Amino acid sequence: MKKEIIIKTTNLVAKYGEKVVLDGITVDIYKGEITVILGSSGCGKTTLLKNILRLYQPYSGTVEIFGEDVTNMDEELFNNVLKRTGMLFQNGALLNSITIFDNVSIPLEQHTNLPPKIIERIIKTKLHLVNLDHAIYLTPSELSGGMKKRAALARALALEPEILFCDEPSAGLDPVTSADLDALMLNLRKQLNMSMVIVTHELASIHRIADKIIFLDRGKLLFNGTLEDAKKSGIPNVEMFFEVGSF
Amino acid sequence: MSKLTLTDKTLYLPDKVVIITIPDLLKEWERDFLKKEITQLNISNVTSIDGAGVSFIEEVLEAKSLTREAIVNGDSSVNRTIEVFSSAEVKSSSKPIVDNFLVNLGSVFLNFLDEMKNGLYLASDTIWWSIAGVLERKGRRKGSVTEQAIAIGLDALPIVALLSFVIGFILTLQSGVQLQKFGASVFIADLLSISIVREMGPLITAIIIAGRSGSAIASEIATMKVTEEIDALKMMSLNPIKYVIVPKFHAITLTMPLLVAFSVIVSLAAGLMISVGMLDISGEVFVSRAINILAVKDILITLAKTVVFSWLIVIIGAYYGMKVTGGAEGVGKATTSSVVTSIFAVILADAAFSLIYL
Numbered sequence: 001m002k003k004e005i006i007i008k009t010t011n012l013v014a015k016y017g018e019k020v021v022l023d024g025i026t027v028d029i030y031k032g033e034i035t036v037i038l039g040s041s042g043c044g045k046t047t048l049l050k051n052i053l054r055l056y057q058p059y060s061g062t063v064e065i066f067g068e069d070v071t072n073m074d075e076e077l078f079n080n081v082l083k084r085t086g087m088l089f090q091n092g093a094l095l096n097s098i099t100i101f102d103n104v105s106i107p108l109e110q111h112t113n114l115p116p117k118i119i120e121r122i123i124k125t126k127l128h129l130v131n132l133d134h135a136i137y138l139t140p141s142e143l144s145g146g147m148k149k150r151a152a153l154a155r156a157l158a159l160e161p162e163i164l165f166c167d168e169p170s171a172g173l174d175p176v177t178s179a180d181l182d183a184l185m186l187n188l189r190k191q192l193n194m195s196m197v198i199v200t201h202e203l204a205s206i207h208r209i210a211d212k213i214i215f216l217d218r219g220k221l222l223f224n225g226t227l228e229d230a231k232k233s234g235i236p237n238v239e240m241f242f243e244v245g246s247f
Numbered sequence: 001m002s003k004l005t006l007t008d009k010t011l012y013l014p015d016k017v018v019i020i021t022i023p024d025l026l027k028e029w030e031r032d033f034l035k036k037e038i039t040q041l042n043i044s045n046v047t048s049i050d051g052a053g054v055s056f057i058e059e060v061l062e063a064k065s066l067t068r069e070a071i072v073n074g075d076s077s078v079n080r081t082i083e084v085f086s087s088a089e090v091k092s093s094s095k096p097i098v099d100n101f102l103v104n105l106g107s108v109f110l111n112f113l114d115e116m117k118n119g120l121y122l123a124s125d126t127i128w129w130s131i132a133g134v135l136e137r138k139g140r141r142k143g144s145v146t147e148q149a150i151a152i153g154l155d156a157l158p159i160v161a162l163l164s165f166v167i168g169f170i171l172t173l174q175s176g177v178q179l180q181k182f183g184a185s186v187f188i189a190d191l192l193s194i195s196i197v198r199e200m201g202p203l204i205t206a207i208i209i210a211g212r213s214g215s216a217i218a219s220e221i222a223t224m225k226v227t228e229e230i231d232a233l234k235m236m237s238l239n240p241i242k243y244v245i246v247p248k249f250h251a252i253t254l255t256m257p258l259l260v261a262f263s264v265i266v267s268l269a270a271g272l273m274i275s276v277g278m279l280d281i282s283g284e285v286f287v288s289r290a291i292n293i294l295a296v297k298d299i300l301i302t303l304a305k306t307v308v309f310s311w312l313i314v315i316i317g318a319y320y321g322m323k324v325t326g327g328a329e330g331v332g333k334a335t336t337s338s339v340v341t342s343i344f345a346v347i348l349a350d351a352a353f354s355l356i357y358l
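Chain order of the listed sequences is C and H. Count the first sequence with this note's numbering and you get residues 1 to 247, in order. Count the second sequence with this note's numbering and you get residues 1 to 358, in order.
Worth flagging that the hints you see were computed from the coordinates, not collected in a lab. Among the hints, erroneous ones may be present.
[As the list claims (entries may be wrong)] The calculated SDA-like cross-link candidates involving lysine to any residue, where the alpha carbons are at most 25 Å apart (straight line), are:
hint, chain 1, residue 1, chain 2, residue 2
1, H, 323, H, 235
2, H, 333, C, 102
3, C, 2, C, 173
4, H, 27, C, 107
5, H, 16, C, 224
6, H, 323, C, 144
7, H, 16, C, 111
8, H, 142, H, 130
9, C, 3, H, 47
10, H, 333, C, 74
11, C, 190, C, 217
12, C, 83, H, 18
13, C, 83, H, 23
14, C, 31, H, 47
15, H, 64, C, 218
16, H, 95, C, 106
17, C, 231, C, 217
18, H, 95, C, 107
19, H, 9, H, 36
20, C, 3, H, 95
21, C, 31, C, 15
22, H, 117, H, 350
23, C, 31, H, 16
24, C, 231, C, 40
25, H, 27, C, 110
26, H, 27, C, 80
27, H, 333, C, 243
28, C, 83, C, 40
29, H, 323, H, 216
30, C, 31, H, 83
31, H, 323, H, 337
32, C, 83, C, 10
33, C, 2, C, 225
Just so you know, these numbers come straight off a predicted model, no measurement behind them.
Could you put the whole structure together from the sequences, leaning on the hints where they help?
Dropping the structure here:
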């Protein structure tokens, strides 16, 4: 069966001033797969993620999400595309002045017509899903780093996204919490056929969750394929990444 | 279009029970089915369901006092989704209890006492280290007092000059016109000299410095606290009070009297201009009356006031900076609280001085 492409970038170029950060990136990301963007620090991983989501406007090239070219899409139309996606930021990006309950309620209250009792039920089940039942009425400053990440994940999942984007979800977490988060993501993919695009350095995490690898090196696409193919790709930088990391 | 149907006490759900169809399904449910007898929920038609859909099913089950066993004929993937998003295992977490008025009042009072106590601790530490720090130069950054004196004193000169000039201008005009009616215009010099030297000069300067430098002190220290710079100083065996607060304390103690003197001179100069230009008073008379009316006691009280105001500003700014919690939002709150509290404290201290030294 032919797989459905859910995100497609074509010759994507991103620049900071005159510096080219992404140089002609062409990749396809498939529905229901966990795609990991990796590479050394400063290679353009987060920039690629943010260009796909138009948090940075691409310099040239195109980005398609759900089969629609979103590169220069009208703001209102693009917001409708964004509502079908969720984003887990590196530091959670929870609003500090309000409770976890209120943080998760924001997308539901702003983008749906659901009555408060259903919203409350959804929030509680989402927070249960990430094992934060006990922290519903706490504020982010009262949570640990791992708890903040899980709360942010619950917020990202609030609108039942078809694609979940994660920027270094394991950064700053201990191996056990990191493994828990990976298990949660695998579960979500299995249960809901959710597609995920994850930027990470963590080799253990990559081994646990990655279906596909997008390997960047100094803004260029070095490899795009499965994890097994990456390990025997014959591309020195890609193979070295896995060899060094396995020590 | 998604529709609910009822046959033989069995409610049939439509194919799509997802977040976008729930509002319509809820309306339909409440309008047509809520009061009808329902014993089963048939989900054989359901092809897509999400968390919101599961919440809807649970709402229906709850309204009809049914258990999960009442859901029948579900496809395995639909059943799995219901399993994932089921709230059956959600542990009840009650909302924090809102205390009554008296409890809140008591807690505000206790917090106030606690803040006063902590503020006094910080003040005593700061004053101690500011004296000890003069003799012992270790644990201080070289040139930090000069740097702070420039930021607090020199950089504030233009705004102090502008506001003092305007205040002197307004005071002279308003009072001069009234005095002229009684043929007592010449007393404008006495009135201005006393009011500006004893009250307006120190007060206006303190309010400007509380808004300008007090907020800068609070936000700088608060940012250092949230970015763990204060902890880093402690880890390097440096006393944060001595390293961060004492240079500001020395700088403001030195520069505030100079700023007040500058403010007084500018305000009186504005008064002189108006008096000569509009009230027909000669410059010589104005200057001699303005100087002669002042006693040494007035100058000393102003100096004492100025020093007390400057200490209040720096200690309140540092206190709010040091007690900050949270991130960016905490820094904003600390800055606002510091400005409001220091202006309040300065006015209160001024009132106390007025009562003691009439």
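Holds or violated: are the alpha carbons of residue 95 of chain H and residue 107 of chain C at most 25 Å from each other? holds (21 Å)
Given the hint that residue 2 of chain C pairs with residue 225 of chain C, test it: the Cα-Cα distance must not exceed 25 Å. holds (16 Å)
Straight-line alpha-carbon gap residue 31 of chain C to residue 47 of chain H, limit 25 Å: holds (18 Å)
Between residue 3 of chain C and residue 95 of chain H, does the CA-CA distance stay at or below 25 Å? violated (46 Å)
Below or equal to 25 Å on CA atoms is what counts here, so check residue 16 of chain H against residue 224 of chain C. Distance of about 35 Å is beyond 25 Å: violated.
Taken at face value, is the distance from the CA of residue 83 of chain H to the CA of residue 31 of chain C at most 25 Å? Within the cut-off at roughly 23 Å; holds.
Is the hinted pair residue 323 of chain H and residue 337 of chain H satisfied, with a Cα-Cα distance of at most 25 Å? holds (11 Å)
Need the status of pair residue 27 of chain H, residue 80 of chain C: alpha-carbon distance at most 25 Å? holds (24 Å)
Starting from residue 83 of chain C, check that the Cα of residue 10 of chain C is at most 25 Å away, please. Since the Cα atoms of residue 83 of chain C and residue 10 of chain C sit roughly 23 Å apart, the hinted pair holds (cutoff 25 Å).
Next pair to validate is residue 333 of chain H with residue 243 of chain C; report whether the Cα-Cα distance is within 25 Å. Roughly 49 Å between the alpha carbons, so the hint for residue 333 of chain H and residue 243 of chain C is violated.
When you check the alpha-carbon spacing of residue 27 of chain H and residue 107 of chain C, does it fall within 25 Å? Distance ~21 Å between residue 27 of chain H and residue 107 of chain C Cα, so the pair holds.
Would the pair residue 31 of chain C and residue 15 of chain C pass a check requiring their Cα atoms to be no farther apart than 25 Å? The given pair, whose Cα atoms are some 28 Å apart, is violated under the 25 Å limit.
Checked against the numbered hints above, the structure violates hints 3, 5, 10, 11, 15, 20, 21, 27, 28; every other hint is satisfied.
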